[in-house]
Structure formats: structure tokens, C-alpha cells
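*Asks:* Produce the entire structure from the sequences given, and follow the hints as far as they go.
There are 4 protein chains.
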Amino acid sequence: MSQNKVPVAVLAATGAVGQRFIQLLENHPWFDVVAVTGSTRSVGHKYGEVCRWLLPTDIPENVYNLKVLPSNPESVETPLVFSALPKSEAKIIEPLFAKAGTAVCTNAGAFREDPNTPILLPEVNPEHTALIHAQRAEKGWDGFIVPNPNCTSTGITIALKALQNAFGVKRVFATSMQAISGAGYPGVPSLNILGNIVPYIANEEEKASWEPRKMLGEINDGQLDLADIGFSFHANRVPVIDGHTVVLTVELADPPADFGLVARTLSDYQSPTISRKLPSTPKPVIRLRTESDRPQPRLDITEGMTTSVGRVRPDNLFDLRMVVVSHNTIRGAAGGSIYNAELLVEQGFIKQ
Amino acid sequence: MSQNKVPVAVLAATGAVGQRFIQLLENHPWFDVVAVTGSTRSVGHKYGEVCRWLLPTDIPENVYNLKVLPSNPESVETPLVFSALPKSEAKIIEPLFAKAGTAVCTNAGAFREDPNTPILLPEVNPEHTALIHAQRAEKGWDGFIVPNPNCTSTGITIALKALQNAFGVKRVFATSMQAISGAGYPGVPSLNILGNIVPYIANEEEKASWEPRKMLGEINDGQLDLADIGFSFHANRVPVIDGHTVVLTVELADPPADFGLVARTLSDYQSPTISRKLPSTPKPVIRLRTESDRPQPRLDITEGMTTSVGRVRPDNLFDLRMVVVSHNTIRGAAGGSIYNAELLVEQGFIKQ
Amino acid sequence: MSQNKVPVAVLAATGAVGQRFIQLLENHPWFDVVAVTGSTRSVGHKYGEVCRWLLPTDIPENVYNLKVLPSNPESVETPLVFSALPKSEAKIIEPLFAKAGTAVCTNAGAFREDPNTPILLPEVNPEHTALIHAQRAEKGWDGFIVPNPNCTSTGITIALKALQNAFGVKRVFATSMQAISGAGYPGVPSLNILGNIVPYIANEEEKASWEPRKMLGEINDGQLDLADIGFSFHANRVPVIDGHTVVLTVELADPPADFGLVARTLSDYQSPTISRKLPSTPKPVIRLRTESDRPQPRLDITEGMTTSVGRVRPDNLFDLRMVVVSHNTIRGAAGGSIYNAELLVEQGFIKQ
Amino acid sequence: MSQNKVPVAVLAATGAVGQRFIQLLENHPWFDVVAVTGSTRSVGHKYGEVCRWLLPTDIPENVYNLKVLPSNPESVETPLVFSALPKSEAKIIEPLFAKAGTAVCTNAGAFREDPNTPILLPEVNPEHTALIHAQRAEKGWDGFIVPNPNCTSTGITIALKALQNAFGVKRVFATSMQAISGAGYPGVPSLNILGNIVPYIANEEEKASWEPRKMLGEINDGQLDLADIGFSFHANRVPVIDGHTVVLTVELADPPADFGLVARTLSDYQSPTISRKLPSTPKPVIRLRTESDRPQPRLDITEGMTTSVGRVRPDNLFDLRMVVVSHNTIRGAAGGSIYNAELLVEQGFIKQ
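Protein chains in written order, with the working numbering: chain A, 1476 to 1827; chain B, 1476 to 1827; chain C, 1476 to 1827; chain D, 1476 to 1827.
Everything labelled a hint here was simulated from the structure, so no lab data went into it.
Note that this is a predicted model, so its numbers are computed, not measured.
Careful: at least some of the hints might be erroneous.
Heads up, the list lumps identical chains together, so a pair's fine if it works in one copy or across two of them.
In silico lysine to aspartate or glutamate, DMTMM-like type, Cα no more than 25 Å apart, as pairs [claimed, not checked]:
no.	residue 1	residue 2
1	Lys1521	Asp1729
2	Lys1682	Glu1766
3	Lys1682	Glu1726
4	Lys1645	Asp1790
5	Lys1562	Glu1613
6	Lys1758	Glu1536
7	Lys1521	Asp1768
8	Lys1758	Glu1501
9	Lys1752	Asp1617
*Replies:* Put into C-alpha cells, the structure is as follows:
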């Protein structure tokens, strides 16, 4: 392990999101993957030999040769773990790590609804990590759990934050067209989605209507108040590999007299200062596309951490319509949790 | 030609919509295709030899051998023509036919905005054909022009009509996911759409926000008043062959106390009496899908003329959300114009 | 049940192939589906309520309401069953039915390699059913088992039979591009195949190299001799819903002096007389496409039982190259087994 | 322009291949794009404003602002041009440049059949550039024209070269499954290829059967003798964005006793020494995949210049079967021509 780097483990490292963690952590300047965990079937085997790798880059060599460990704090003793556990396992396993003193940066949704657990986007609400103190106090943990939001909530919350700061946001109609990688592996059967649209994703509309309100909310007296924003959400699965597209109609509290300000507000959006110079900081936070037919998932996810916004135009019913494209397995999953961990190092919650 | 059948011609018969006309008119009980027209390049040749046929059934034999004619009333003398002309040509050529006494049932949008031209859906507004009298008077035509709506307007107008009759419709937020066949042939380059979403279709949002208001409007004192419905529309192109999917959030004027009435109102919808027993009448008008993940374009367009509706559920902001799937080149184009012609025969505008 | 029809059951009726059996048997003139079987999970429930139906037509109403039975001859007493069982279960369950006196027409491959079991294509080898006598004698069965070939073997064997009859076939290079429906449901994960080619299908090359030799072989002294044809086979999975495409280079024993004879031999091919007038008889057996770019799976599988052949042209190394497209879940699976059952009725092996 | 770099122009820079040249030449250590040419429609405009950019990375800033020039040597005075011209234009325009003293590295096929023009792959036949002397002498040119092969010929020729060197190659049966980007833009209409296979690409089988023989041939007495290899080729278009897959069955002259040598020969293949340390040199030349289901275009084209080979296995008829995947617009087009230019600099044909 390189000197000064934080040794980290990836929990459930053989799955689709686990693989993205491994890929994105290769050569990370602050973190070194020293352990990976997996299911009973793979424990004891070399990662590279049991993992059905799905990404178009090869498995990093050092990780290839790691022995897969069981997902428990007795086997994994790193100060930080990235969790790609499925929700039902995360509910049980992540608290064991937190109790053992480990910082858990997780993509799982098991604790997103917990009042003392922030859903964290460094571009949006770095101050919400203050809830960690209450979390520790309540649970009696030395470590803590910090989830990133659902992949669909991610891009829209970043775009809405820019609008909220400038004009206030009252109501939002949203329709998502979500990539198949969002369902993991094996995930969506090809017979369901090839040349087709599936206008339903279990529990997605609920999550994508609630999580943004939590992230856009405020901590008052140590307690997080949800933002008072109304959401109407339609979730669809589409035959796209990576990249969630969401079209939005937004009602603002104080719409600007000059509509041009809306686009400029989005393109000029800056993260809170503390989040601006971390290794995974997107540059820019929001890429404004001005072509008539962008953003598109195939063309606008190459800057993995950046949120692409386009077709910003006035609306007949509310104030504006726009399209948001975000990389669902980078910004919306593994990359998001890594960025969160960087912020938590910067804030002193994780020791280097 | 069979006795008693109306001899008809298809204008621009070699294009994608023209081919659907040819396919759907094979063995039609009331109409016989006796002439086809095409561009200068194909005039004089056998239809079957110059047409790059794209449908998975073969060219009907009698049409295969028809000589392609130029698109003008001197060459084509049938009492009824179905027009698949592109808009710019339709603007010039369709009036020539109408002036010559021909009934023009058209898929082109050239005259949809004309105040004396109805946009016709037999399930919705058969009484709007009364405008034909004013059209003839104003233009001095013996024939007339009756367009079907844009393919995207079609399905949603039928579903909204059912709601309008029962509860009144005030505002609609809609997002379409439209099949590539809607763009004709060669149409959308595969490099643009394979594994991708294009969140823009030129002029589509304007059409799909205005045409339903015209079809759902009322004739008062011989003049059509647009329905007072507000629309916010997002149009997207998706990698689907046939079948437009539209997700809708709807605000009703008088929402029912019992939400279950909404779904029943949709599934029980009956066309106006005059439209119920024509050869192309959909049975049912609206197919209500009750599965959690339907309708889907790949599964729910086989009843070509029927409109599929599903995921009818309450909404956080307005009154209800639902998903509408409609076959864009059958119900939304050629099949729609044929159904219109049948209604016009029934109403006596076209003589058998 | 209609008078005179044979009551039949479909084993493993809820899977992808089982559903095709149900669909194709609706309104069959000779057979009536009176029973369906399924896994423990679904036994006792209504078929329509436990089956995740994947086809774009609805479940036939009478089958919708059938109670799912366990797959054993105690529960299912029809004289004929169609089996869509997976291979491992077929190996155990199908003999139980055969022993109980049932005719088993199966899509499973469990007994294809058995010397006394014919692999049956009515267009190719109806005389191979003579093996049934030996099968019964050897096993002590009153019933019997007759499988259709693997979906990939089907189309190429029919095309090769036409060539074999006329010119003899010596060697064949073949490359398949196989539809995802060939892998059943859930089958191929969309992440594997969307916008991709997978150049491998487990065991497929072995089957598609051996089965045609068996079907093209001869029975001598009551024993089936494999045809002496050499095969080099590459199997690929491609992002196509239905329809297997196979490109072939063929070496003939006696190539015709006039190459035009090759195409004519294919298009004029007639099944053995006994197979020509059955309900599922393809008309024609082989559809010869003469366009430069056909057959294509999306356009050339609508005549479900017909085999499409095109691009018949001379070869640099062997005698000819051609392309074969066949509907893998109709001609190559359920439809094939139904056609087999019809032949077996005609031959008196199944009593009406 | 950076000191020491060769100023270059890209002809037909706005098309699909032209864009790849622009993308790959960004930050090239030896070449600087100082001029771009295009059609009459775009001449005089800024490249970034008239180019419908299709790649998922943005237009390099310096090229964005270049004025598009007409494609003639009066307007473009760089010592080296990369040509993405269509064949018909290349036939006329490229000789004008060669006559004017310009080195033309072209992706166009206009002169591939010319006896004094090498088709160049640095991994395969760098010594064939000796033909340039004869080309210049014959045509009276100061410059010269050097094409890269057709995208489909590229990968298979590299793999066959490795086998030819070790064992000799006698006969090859090949089936390609080619990406849509190989047809340029707009290229293949989506209605033709979505969920479909098109078993035909105009002229492709002829090119892919002949070009490898030229590249694998030898110069004797200043004249290029084609390699004596027999080809049977089937070309198919498949719904894949980038990456041509070719399955091959190969007959060797001297097959090794130990079949394992075949795979090792492929994975250990080294380019001729002069081609090994150029900026675009693939590392490795051939990536041997040992997984059962690789190479796949979606996973195995990220190392753009490397040729991926897998499923190396014995064959029933010839000696071996294998699968080759190659990036058709990088290794097989723009990247190939750039690598050629680097070799020509190294060989002294282009002066730095």
C-alpha cells in the first residue's frame, strides 16, 4: 500500500456496483483497495477468478489477486469501507461495521430514510454530515454510515439545488428514462427491454420523489427538515447501457424576469467551497448543453462525475423545462460514494 | 375492382407511411387501391420494383404491379385519396385534389391548423366533420381535406377524451418516448439512437400540445373553440421500432371521490355511436392494462387501432398519472386516416 | 373440449417455450389444451395468474383459467403432451409419461442423442418415426418420446435437405447469429447483449454440428446412420428478439453445371408427401428471397413455419454461400413440436 | 503550432471518419492539425459550427475554431494530409495533393487496388512502402498516396499475419458482424438495423477477401505478389455502435502438433521492429482473450489500436476457429492512417 493512503475495502465487490468501485478506485490518490468481500460462493477465491467482470477495462492487477473475504468486521479491518451490498444485507451488515468503528460509505439505500443519516452529495449538502454526530450518539457507534442517493435522485438534485439557491423550487414534474445498468447484474432480462420501454421500476418513483427533498432540506436545531417541494415522478426503463435521462418541468418560487438567467444559473453553479477541490470533484459541476438535442446518455456521460443539463426552455404550465443526464453507476453510485468519502476525509470524519 | 368498393389512390405510396396504407388497405371491405403515386424517380415503374418495402409482410400482389403515377389530379381520378405526402408537398398538392372534387384523407400536417379543417379521430370528435361545409365554402372546393392528428397526439387525445367527458381536464404534463418509425424512412440514423435517447423531436412538442386542444374542443356557431387545457410536453426519441409511449400527469376539473372510477372510465369508454361499427373501429377503444409494468410498446401495439392505457394511479401534484401506448404508424397514421375515411363514408361525405 | 380433438397438456407451460405452445395451440384444429403443468411455486394457481406472459398477444381465455398441475403422469392424463421442460427435468419426467402410455412431443434435448429416438422435422425425415417401434421395444414403453431439433439446427437442416436431395452435401461452414429468445426467460441479461455480440453459446456448436447429420441420415436395417457431412460451426448471440440467422458455405457432392439450379432447388423444395397437408405445414417450405440484403430476422419470420433463404451465390472455396433465417421459437421450438404431433397423428402413432 | 510537429490537414473532416481523425490527433506528439476541409456547404464556416459532432468527447478547442477550407492543394499546403474523403471524391482529389508534393494518408479505398500503392498496416507489412518509389515514378508525383485497409480487413489481416509467419495460411472461411459506425453518418437507417441483422454490405465481401491477400503478399522484383490464400467471406451488419467482430475458420499450411501453440503464437505476435515504438503502436498487438465468451465488441475495443482475439479452438474441417474483434473507426480507419503516417515519418517518407 502507498504511504499516506487510507486502506479501504469494497463490500460486495463482485457485483455491478462493486466493480465500478474497484475500477474507479484504481490509482486513487487517497485510497488503496486492500480488501474485497463477496458472497459465500466466492469467499476464499481470488477476486479475478470469481468475478464476472462486466466493464470494458480490465480488472486492476492488484485487486485481481486479492482473496475474497466474508462481509463482516472481523474479516475486514480497514478504517473505511465502500459498500455495494444489496439493501437487505446492508441493513444487517453495515451497522456491524459502524459499530466496530468503521466509516461506511454506501450505495445501499438501507438507511437513507433514517433521520440521523444524511444522504450526501458534496455538490449539494456537505453540511448535512453534521448529522453523523447524532447518528453516533443514538446508535452508540464509533463509526458511521453515509449513503449516496439513489442514482435517479442524484442528477436532478444537483440541478435543482442550483435553481433552489437562485430562485427557490416549489413543484417538479419529472419523467426518468433509466439505463439498464441501474438494475445491476443480471438485472433486466434482454427480452424485456430490447426495442422496448418498461414504464415502471419498483419503488423508484417513491425514492426519487423523497430523497431530493431530504438533500435539499435544512438542518434546524440538529434536525433535518425536508425541503417543501412537491414531486410528481414517472420512472421508465429504457434500452440504454449507462446514463439516466430525466426530463423536468419546474415551478420556481421567484422566477427571474430574464429567462436567460435560468441557464446561466445552472452552468455557473459552484459546489460549496469545501467540496470544490477533492479528487473526484466534477469540473464543471453542471455542463450546460446548448445544442437543440442534448444532453443524450450516449454522448454526455463521458465526464462521469459531471451532471449534464440541456434544453432549458420556458414552460406553458410551470416556469421551465429541462433535461438532465447523469452517469448512474459513476456519479449516481460508486463514484458518488467515493466523492463522499473524500469529503468526509476533508471534514475530518475519516482520518488519513 | 370489387363491386361496391370505393376505388382509392395512395399518394406518396412508396414511403414508410404510404406502405402502411397499402398494407392496411389490402382486403379492405370498402376501399380498393387502384392507383399509387410517387416521386419523379419512381413514376412509370411498377410499384413493387421501385418501393423499398420495409414491413414484415409482403407487398399485396395487385399493388405490386401498379404503375406509379405522378401525384396530381390529372393522373389520379379516384373519388378518395389517402395522402402520405410530406408536409411541404401536401401543402401544394392536396388542395389541387380537393379542388378537383376528391376527398383527401391525409396523414400530413399541412392543414391541421386551418380553422375550417377538422383534425379527426372517430373515437373523439366525429361531429367536427361539420367543418367540411365551411372548408368547401371558403375554398370553393367540391372535395375536401381531412387530416388525422400527429401520431403523438392520437393516443393521448383518446385517453384524455374519456377523462374529459367524465371529469373535465384542466392541465396535463406529458412526456413522450417515441418510436423511430415515427420519423419515416430513412429517418433516424442508427448512430443517433442505438442504445441512446434523443430528448428532442423538431416541432413535436408544439403539435402535441395544441392538436389535442383542437380535437377536444367544441364547435359553437360553426366555429371550433379550442379546449381550455394547459399542456407541458417533453418529446423524446427512443430505440423502439413501433409504438409511442406517453406518460401523463393530469389535473381534472371534477376529480371523482372514488379514484377507482378513473380506471373504469378509461376502460369503459365508448366512441360516439356513429363511429362504433366501422371496419377499423378499435375493440375496445381503450385497453386498460392492470399489470404493474404495462403498457409497453413491444407488447401492447398488436391490436393496432386500440389505445393501451395503464399504470393509472393517484398523483402527488395533480389528480392522476397514467401511461398511454399507441401504434404510431397504424392508429397514429395510416390506420387513422382509413378509419377517418370510413367515418366520412358513413356520414355521407364520401359516396360509395 | 371440441369433439374429435385430441386433448393435450403442455408441460412447463409458464416458461418462454411453454407460452409459445399455448399461443400456437389456440384454435388448433386437431388439439385442445386441457391441462398445463408448472413448477411447485405455481401448482394449484390459475395459469393466467402465475404466468409472466411475454408474448404480444394475450393468454387464450380458456387456458388463463386452467389450474397449474404438477408435471407427472398421475396428474396429467392426456394421450399427448407437449414438453417445454428444461433438459435436466425432461430427462426424468418425459420417460415417466412415455411409460404411462403418453405420446411426448418435446422441445427438450434430453433424448436427441438416443439412437432409438428420432429428431423429427416433417419437411425432412418423416420416415424416421419408424424408430419409435425400437424405442418402445427397448424401453418397454406404451408411449414414446419424439423431440424436435435445437432451434439452430432446424432451419439449416431444412435448407440442406433440399440441397442434399439434389446435389449431395459434403461439407458445411456455418455461422449463426441467434436471437435472445432462444435462451428462454430471463435468459440473456440485457447488460450482456444490448449493442453487443456474444460469440459463444454453451453447447450450441456441438448440437448444430451433429443434429443435422442425424436428421439427414438414413435408417438402414432399423438403425439410423448419420449423414456423412462435415460441419464447422460458429455460434453467436445477437441483439435480435426472434429469428435465428445462419450464414452457410456449402460443398456439394455433385454441384450443378448451371448455378441457377441451386436457388431453384431451394425454392421448389417440397416436403415428403405425408407432411404436405398438415395444419402446420409451411407454405412454402422454403421462401427464397432474391433481394440483395435478405433474409433478415425482423422482416422474414412472419410466416412462422417457413424457412427463409437468400443471398444464394457461388463461393470461392466451396460451391455456394447462402443465408438462412428461421423463427426460433415457432419453427425451431413449439411450432415444430406441434407439427411433429400432427405428423404422428397422420402416421397413426397418436390416435385421434 | 508546437515546434517540431508536422502540420497536417484533415480532408473531409466533418464526416464520421474525419471526426475520428480530429479526435485522435488531439495532443498527438508528432502531428498538429492546422487545417480542415469540407464540402461547399461548410467551407468558410468555423469547423465547430458546421460539424454535427457524433463522438462522446468534445471537439478539441483549437480545431473548433478552424475555418473549413475546400479540399484542394491550393487551399491546403501542409506536407501531410489525412483523407476521410468518400471514394468517388478521393479518386479525383487525392492525386492532386500527391502531385503537389503532399503525403496523403487515406482511409479511402480509391487506390487500394493500384499495383504500385501499398495497403499499409505497420504491424504487418511496413516493407510494402517500398512501392511508393514505383508509385512516384509511374505517376510523376512528388508526394504519394498510402491507404489503410478497409476496416473489416484490418483485424483479420493482423491475426492472420501471426499465423502466416508461424504456420502458413492456406484457406479462410470468415463471417463478419460489423458495427454501424462502419457505414459512416447518417449511414444505416435505424429502421433497418434496430433488433435486426442485415446479411449484406455492398462490396464488402470482395474487399475483405482480396485486401488481406495483398497485405500478406510479398514484394518480388519490385512487384507485389498476392498471398496465395483462399477466402470465403460473409459480411453482416449488426446493431453494434463500434467494433467489428469476425469469426474465422483457418486452414494452415503446417499446423503445429501442439494446438496450444496457436494461441501462444497469436498472443506473442510482435510487429516488425520498425513499427514497435511509434506513438500509435498497439500494446500488445494482439490481446488474447481466454474467457469462453470473448472477445465482444462492447468490452474489447477500449484499447483502440489493439486487435482482440479469442475462442481459439480446433476445427472439424480446417485447423482452427477463432474470433477477432477490432475497433473499426480507430484501428480500422482514422487510427490506422495515423499509425501509417508515423511509420512513414520513421521511414523518412515524411519529413518532420
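*Asks:* Confirm or reject each hint.
*Replies:* These are the hints, each one checked on the structure:
In the homo-oligomer, the alpha carbons of lysine 1521 and aspartate 1729 never lie at most 25 Å apart, since the shortest distance is 57 Å inside one protomer and 39 Å across protomers. Proximity of lysine 1682 to glutamate 1766 under the C-alpha cut-off of 25 Å is restricted to the inter-copy arrangement: shortest distance 21 Å between copies versus 31 Å within a copy. For the identical chains of this complex, lysine 1682 and glutamate 1726 are neighbours both inside a copy (20 Å) and across copies (23 Å), given an alpha-carbon limit of 25 Å. Taking identical chains as interchangeable, the C-alpha atoms of lysine 1645 and aspartate 1790 lie at most 25 Å apart whether they share a chain (15 Å) or sit on different chains (16 Å).
In this assembly of identical chains, the alpha carbons of lysine 1562 and glutamate 1613 lie at most 25 Å apart only when taken from the same copy (22 Å versus 55 Å across copies). When the C-alpha separation of lysine 1758 and glutamate 1536 is checked against a cutoff of 25 Å, the pair qualifies only between copies, where the shortest distance is 17 Å, while the shortest distance within a copy is 29 Å. Taking the closest pair of Cα atoms, lysine 1521 and aspartate 1768 come within 25 Å of each other only across two copies (20 Å); inside a single copy the shortest separation is 46 Å, beyond that limit. In the homo-oligomer, the alpha carbons of lysine 1758 and glutamate 1501 lie at most 25 Å apart both inside one protomer (20 Å) and across protomers (20 Å), since each shortest distance falls under that limit.
Proximity of lysine 1752 and aspartate 1617 under a CA criterion of 25 Å is satisfied in neither setting, with 28 Å inside one chain copy and 54 Å between copies.
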